[in-house]
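Residue numbers (full-length UniProt numbering), protein chains in the order written: chain A, 1 to 425; chain B, 1 to 277.
For the record, the hints were derived by calculation from the structure and aren't laboratory data. Given the structure is predicted, the values throughout are model-derived calculations rather than measurements. Please note that the accuracy of each hint is not assured.
Below 27 angstroms or equal to it, Euclidean Cα-Cα: the simulated DSS-like pairs (lysine-lysine) are [to be verified]:
(1) B:Lys184 <-> A:Lys131
(2) A:Lys131 <-> A:Lys168
(3) A:Lys66 <-> A:Lys168
(4) A:Lys105 <-> B:Lys184
(5) A:Lys125 <-> B:Lys184
(6) A:Lys125 <-> A:Lys168
(7) A:Lys66 <-> A:Lys125
(8) B:Lys102 <-> B:Lys6
(9) A:Lys125 <-> A:Lys105
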Amino acid sequence: MASIEMRNIVKQYGDGYPAVNDVSLDIADGEFMILVGPSGCGKSTLLRMIVGLEDITSGDMLIGGKRVNDLAPRDRNLSMVFQNYALYPHMTVYENIAFPLRLAKMPDDEVRRRVTEASDVLELKDHLERKPANLSGGQRQRVAMGRAIVRQAEAFLFDEPLSNLDAKLRGQMRTEISRLQRRLGITTVYVTHDQTEAMTLGDRVCVLRKGKIQQVASPRELYEQPVNLFVAGFIGSPPMNFLPASLDGDRLQTPFGPITLDERRAAAVRGRDLLLVGIRPEYFEDASLVDEAKRPLGSVFRARVDVTEWLGDSQYAYIPYEAPEAIRNQLRELSRELDAEELRTQAIVSIDATSRIREGREADFWLDARKVHVFDPQTGENLTRDAEAGARLTQMATEDRVEQVQEAQAQGTTVGGGATRAGAA
Amino acid sequence: MSQREKTWWIVGGILIVLYALFPIAWIVSLSFKASADIANQSFLPTSVTWENYATILTGSASGLFLPALRNSFGICLIATFISCVLSMFAAYAIARLDFPGKRLILSTALGVAIFPVISIVTPLFNLWRQVGLYDTWPGLIIPYLSLTLPISIWTMSAFFREIPWEMEQAAQVDGATTWQAFRKVIVPLAAPGVFTTAIIAFFIAWNDFAYGISLTSTEASRPVPAALGLFSGASQFEDPTGAIAAAAVVVTIPVVVLVLLFQRRIVAGLTNGAVKG
Chain A
1 MASIEMRNIV
11 KQYGDGYPAV
21 NDVSLDIADG
31 EFMILVGPSG
41 CGKSTLLRMI
51 VGLEDITSGD
61 MLIGGKRVND
71 LAPRDRNLSM
81 VFQNYALYPH
91 MTVYENIAFP
101 LRLAKMPDDE
111 VRRRVTEASD
121 VLELKDHLER
131 KPANLSGGQR
141 QRVAMGRAIV
151 RQAEAFLFDE
161 PLSNLDAKLR
171 GQMRTEISRL
181 QRRLGITTVY
191 VTHDQTEAMT
201 LGDRVCVLRK
211 GKIQQVASPR
221 ELYEQPVNLF
231 VAGFIGSPPM
241 NFLPASLDGD
251 RLQTPFGPIT
261 LDERRAAAVR
271 GRDLLLVGIR
281 PEYFEDASLV
291 DEAKRPLGSV
301 FRARVDVTEW
311 LGDSQYAYIP
321 YEAPEAIRNQ
331 LRELSRELDA
341 EELRTQAIVS
351 IDATSRIREG
361 READFWLDAR
371 KVHVFDPQTG
381 ENLTRDAEAG
391 ARLTQMATED
401 RVEQVQEAQA
411 QGTTVGGGAT
421 RAGAA
Chain B
1 MSQREKTWWI
11 VGGILIVLYA
21 LFPIAWIVSL
31 SFKASADIAN
41 QSFLPTSVTW
51 ENYATILTGS
61 ASGLFLPALR
71 NSFGICLIAT
81 FISCVLSMFA
91 AYAIARLDFP
101 GKRLILSTAL
111 GVAIFPVISI
121 VTPLFNLWRQ
131 VGLYDTWPGL
141 IIPYLSLTLP
151 ISIWTMSAFF
161 REIPWEMEQA
171 AQVDGATTWQ
181 AFRKVIVPLA
191 APGVFTTAII
201 AFFIAWNDFA
211 YGISLTSTEA
221 SRPVPAALGL
231 FSGASQFEDP
241 TGAIAAAAVV
251 VTIPVVVLVL
261 LFQRRIVAGL
271 TNGAVKG
């Protein structure tokens, strides 16, 4: 177990393209860090630089306080789960899991003990003599995890490990990975482009864009206090709505009526002309279903609903709106960068599942103004971010993590190496 | 596919197989004909005789044929083995490493492969005589390597490219050195490719005639194809057709056995299950 520190890491390919550009990131001992971003943002490259499969152009990589830039992968003592699992097809499951131990020339009975423990944890006991080709996707994934946990590595590295599984299995494996990580208490770096995984698994999430870190924070801070337009648009599903707005005193004029800002936020945006307001879908509600007590905290507007989607537990309504050409291009650019293709400017609004709002009709909506963020359309910077509140959220997450690790390990009883503890639990 | 189309495919397939197998059937039939029976103007022998096989294995032609058979086996197996080992390393480097001149090596290999053998034979003959390689095993193994290496490198590098990079990277992360990763992961995975390459290389060496006839003079190193050309009939007015046919059948047998033996090893899909399924 060890911390991982990155100091001004740069990865430049032969053609001069910087895949990773000046990344500095500290991952604490035992922390679960997520690297997330749209495809091509450099997250996998960064992971492969940690494990040593990719050369570092400049900067320092420290694992457990030791500089490892020039160490071969095998000398870094990290274990990695690959996206396509990379199981050895000519070996049985047992030998696949035992492979790292065999390379370390461990005696046979020790190998057997450890592989048995690891396979118990991952429920692979019945499959030990089978070949990977005869396993299902989920089983292969578990074998790959087995190979990772069987030796006492300094850290686990996951490269989109669940992206090849179907949705149901993905959910199961996600909780499994989370439980395992807590129990073993091992530093983990996890690359994904799936934001459910990012939000649920990570103690902290590092959002990357074009090789640069945008924000490193707990999932809650990312969601509630995003640092810029990119993070705000990337985190959350359905994504945050961005409406064009112009300033009129302390009020923002938007296509959905005026929004009154509180003193702090009004001060932050004062003196600007054209702005973007970021409103999450759940800040909206069907006006007829809003509590009388809550109603004055927001504003009510009337709009025509284009499409509604009823999902049983929730309901979404799509409301088209007009935006100036410049803003529309900007939003299209942003959505393209986020791997989506937004064809029209429309707001996605979450309303109560019992709401009777129907497609093609006009309806009254209530908008909670308390949590909206205001962005500078040029730089994308979040003008109303409350850094202190954000830091508080991340601080809380860190405390939670310490508590969870202690609890998980108390249940796991024995001490010792990763696999030993896992086996005893 | 409609029934009609299917029928056409089957009929066409049978025609092609018949066309391809006819000469072989003819040789087999010839090898069972007595020398007086060869011109009997019918496909099948009037009466089946083992006379020709006796001639080449124990009779007058055995002095020519048996050492040649031994030479052919020895020379071809050694040449195949060397070319497999060399091309394995070369192909691995070509498939995995990025180095300047990679394309040059591949295209040179191809160039060598298409270079006509007949144009090298004469200079080689003179050179071999002077350096003392004429009529020796190494004297044939070396030119056979020039025939087998290019094709081996090409097929093997195609196989290596099929093996996912991650296999090897996973092994390295698991604590293997480059050599260990190659030996414990890549080589077992490339085994079908190695066998395929070995068989192709063996055939090429086994079938060679030009080098065999030009660079040898005695049974010390003369391979079978050359020996076949030197068979003589019982009298100078008789063609050794029957004996040659019998020898041709005997020479074909190892090739067929080899293919049947390794057919199972050449199964594709050994890498199934290595990656997402």
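Would you pick out the hints that fail for this structure and give their numbers low to high?
Hints 3, 7 and 8 contradicted; others consistent.
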